[in-house]
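Participant: Starting from the given sequences, assemble the full structure and let the hints guide the process.
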Amino acid sequence: MVGVASPALCRRFSANVRLRTRTIRALEPLTASALSHTSAALCYGFNGPLQAVRDTTQQIFYSFGVRATLLLLVVGALASIGNSAWVAGRRYREISSSAELRSTDFLRLFACVAIDLVGLASFGVGEYDDIFWAPISAYMLRFLFRSDVVAAIGFTKELLPLTDILPVASLSWLLETAFPESSVARALGLSGKRGSYVSRDDEGQW
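For the sequence shown, the positions run 1 to 206 when our numbering is used.
Each hint should be verified, as a subset may be incorrect.
[To be verified] Distance windows between CB atoms, simulated: (1) A187 to L117: 36 to 44 angstroms; (2) S170 to L73: 33 to 41 angstroms; (3) P161 to S183: 23 to 31 angstroms; (4) P161 to L117: 15 to 23 angstroms; (5) L162 to A77: 26 to 34 angstroms; (6) V149 to L101: 21 to 29 angstroms; (7) L72 to D148: 38 to 46 angstroms; (8) L160 to Y139: 15 to 23 angstroms; (9) P135 to I165: 14 to 22 angstroms; (10) A77 to L171: 42 to 50 angstroms; (11) A114 to V184: 20 to 28 angstroms; (12) A77 to F132: 37 to 45 angstroms; (13) I131 to A77: 40 to 48 angstroms.
Honestly, the hints are just simulated from the structure, not real lab data. Glycine included, every Cβ here is placed at the ideal spot set by N, Cα and C.
Facilitator: Here's what the structure looks like:
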């Protein structure tokens, strides 16, 4: 049989429940305050070093010495580029003053335009035929310019998506013809071995 609790036991249980409830309510503000301070401390622990780095970086960047140094570097780079362009232009004028285009140069230009047009056709048709056209175009570029770099660029251009629109062959012809002494032409291997501009005195030596 289940015993019936005495009234005294019930009163004692109720008093314990009320005491625990008052204790919990009294501790709620302290708990909330402790959590707030802990969260603030954690946030400051993470954000403090980051803010210090930001402040230090801004102070360094906005300092007069750093800005003056950056300005001098930019001015020096622009002056170097301008000087290189001036020297290249003077060499080009000296070369082109006694030079002329030959019929074979226009034939090579026609071949370059044809290569670019065939490569451009796959831009609208699809990229699958580039697998077959890429080695063919690379071989033709190698034959026209005697440059492994240009051939590799043409091969990569045909294989990559959305790059068929780039006229690699025509640009290579322009660099070799008009700017054979430029740094870009030398980097691409367009050193004038089959250069378009030749002297009238050496016209029959190509």
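Participant: Failing hints, ascending?
Facilitator: Checked against the structure, the hints that fail are numbers 1, 10, while the rest are satisfied.
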